[in-house]
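Required output: the full structure, derived from the provided sequences and hints.
The sequence shown runs -22 to -1, 1 to 789 under mature numbering (1 follows the signal peptide of the UniProt record, and there is no 0).
Where hints are given, some of them may not hold.
Unchecked claim - Here are the simulated DSBU-like pairs of lysine-lysine, each with C-alpha atoms no more than 35 Å apart in a straight line:
hint, residue 1, residue 2
1, 224, 64
2, 16, 750
3, 28, 292
I should point out that these hints are in silico values taken from the structure, not numbers from a laboratory.
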Amino acid sequence: MFKIKLFSLTFLLTFLSLLSFAQQFSTVSGTVTTSDGKPAAYISVGLKGKGLGNVTNDKGTFEIQRVKPGSYILRVSAVGVQTIEKPVVITAGENKTVDFVISQNSNQLSEVNINKAKDNRYSTKKSEYISKMPLNNLENPQVYNTVDKAVLADQMVFSVDDATRNIPGLQKMWEPTGRGGDGGSFFSLRGFTAQSSLRNGVAGLVTGGIDAVNLEKLEVLKGPSGTLFGSALTSYGGAINRITKKPFFKTAGEVNVALGNSDFSRVSVDFNKPLDSNIAFRINAAYNYINDFQGVGYDKSFAIAPSLFFKITKKLTLSLDAEIFNTQGTGKQAFFFYYPTSALGATSPAETKLDYNQPYRGDGLLNTSRSTNFFAQADYKFSEHFSSSTIFTSSHSFSNGYGPYFYLLPDNVVTGKPEDAGKSNYLVRADQSTESSKSQLYGVQQNFNADFNIGSLRNRTVVGFDFFRKSPTINFNGINQFDIVPLNVAGFNYSQFNGQNVAQRYLQQNMAPPYIVNVKTNIYGAYISDVLNITDRLRALAALRYDYFDNKGGLEYSPVEPYAQKGFSPKFGLVYQPVKDQVSIFANYQNSFTNKGAYRTQVNGTLTTAIAKLEQANQIEGGVKLDAFNGKLSSTISYYNIKVENVLRADPVDPANSQIQNGTQLSKGVEVDIIANPLNGLNIIAGFAYNDSKYTEADADVINRRPGTAMSPYVANFFVSYRFTRNALNGLGFGFGGNYSSDNKIVNSVSMGIYTLPAYTVLNASAFYDLKKIRFSAKVDNLTDEKYWIGYTTQNPQRLRTYAASVTYKF
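Okay, structure coming up:
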């Protein structure tokens, strides 16, 4: 009780302090319109000679905060636009409104925007989600990468998975299974698995693939991010955050139709309409269908995302969103390794008898999944420097169907002949299904943001509270061995492993009870973060989180005892700009943690149950960020070192029954991100990452070895596009890019040996032609028809060359 009172008193004092400083500065805002009354977007508005300014948004509005009282010249300018200046007088606490009308009409301004030389279209300079406050990239000591909507359009991106190939140091490891509780695709960041669990900075869980129809841009945070986002939705490598499209006050939209090989077809719509002067509505929807590249199975999906925005008062707004994903498809092929590589006689795919194009299954092994997410956000501005944001989220997922999988079998296990050891000419086909499995997630988040001065020192602060409840009811049924089939018999019929026969097997066999996951968890959190401007070039960040975990117990394959646990997560950062607003040198310390729950351990020779300490991940990172040459070059170069402690591992005294909690893992590396616009119309994205990950205190079986979940040590990505901006070719563009991943040890231990997925380079190309109302696009993915595998602890073949063309009508 004393701690609660102390925390409440601390929060109250912080709240009152923020209020007391909120009125020291003023704000200048307004609207810039064209000569025909349309919003003028991307126009610079600033206080002449003061270094304060902003750029108008799509609605033509601008806002310049933290203006001290005095007399100024407010200046409007842009390349190809006549400069306009107006004198303004600002008094303390005043919110000044100044509007402008430029001489160009909307068509002329569109031409100006197309021909601007300073057009680094792929670069995003600012985020309000990464630090839960608006911060420019150069001010932020944390590394993050962004895939903007311009990139999504030029690459013809249809899914969030495709968007991630533009993120340095991120590698896709597993495609979505569609099974309840799995949470969509699995990726690796800085040597740790991660998933796309955040939507606009809060929980937005999914079960299957995520359509990009509602995606405005993608943000990927790097490193442990538990301080502001908690541990349930982030990994030690980072977090993936989807930024969605928002309603606006103009009737507009587009309809897109796309067709391609493998019977690919897609129809999508984006429609926005103001319902009155204070309510705007937007809806995005898409339908996809494509056949499996191996000739058996398909994937089809439907996504719909309606959104409403209410301007209730000048200070209060309300957003209501929904996101519904419905998918049905055949599980993607994955080969597991249950026998040592020496017993299989294979250390890479080339040494197996597996046929890349063979599905090894028949029709009907389908899985249906649904994800339904609801969001509500109320934003209130007490003043220009103090605001509140209240967010509610509710996520519901469902899955029902089959999950086929495979594993190689040593010949001697089948034939019983010792001389057949070291060969693997047989394949076991198996299934793990989910039967009407459900998972619910509920979240509440309250943030108070402030921008104030203590003396001459500027503070940007967020104080927040969140509640997170996860309630799964997952039922896994399994057939560990449906049958054993040969790999080297020409013309063998593999179609018997199909939906009808698997369903019959589940009815016939003496079924063991299903594996059940129904552990309910409540997490209560509070956090505070402050960015302090020590000088106009030096900034410091300090943040702290407190979490209280209330695990209700239940089943997670075996009984889980209820327990409660608390923990703290700190974060610190420094940023110095040797060249103001162009170059920043940064360093950070970041933390995250994981509840490991109960485990069996030896205490004074007696086997007993104990609650594990929080597993902790601590990162130290430093590097350089650039926004140079008038924004034509944006770059981040960093070195990181992540140490994970309190890892549970087998007790050497009793490895079969007991664990000890003294394991450690080290993951360190280098990342480079470059976004450039060296010439008018030419845009470049390039990334490189190196990761060295290993167990440093672990079982003898894996100590000093790279984990099988740690991704390829070297990965690289690039994309280059050129858009003509003049004459008859205006609007025509081409793009070319690709991804490289080095060898990946997916099996790596003394007992199991080493199995390596080979390095691969996958190239992609696109073309587009923009007219006023119509856009034509085409793309080819996996241009060279590369055969390559992904996976962690598994071997998963990927789709060969695909091509698609689309037409978009804009209104």
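Against the structure, the hints come out as follows:
no., hint, verdict
1, 224 to 64, "32 Å, holds"
2, 16 to 750, "16 Å, holds"
3, 28 to 292, "28 Å, holds"
Going through the hint list in order, the structure satisfies each hint without exception.
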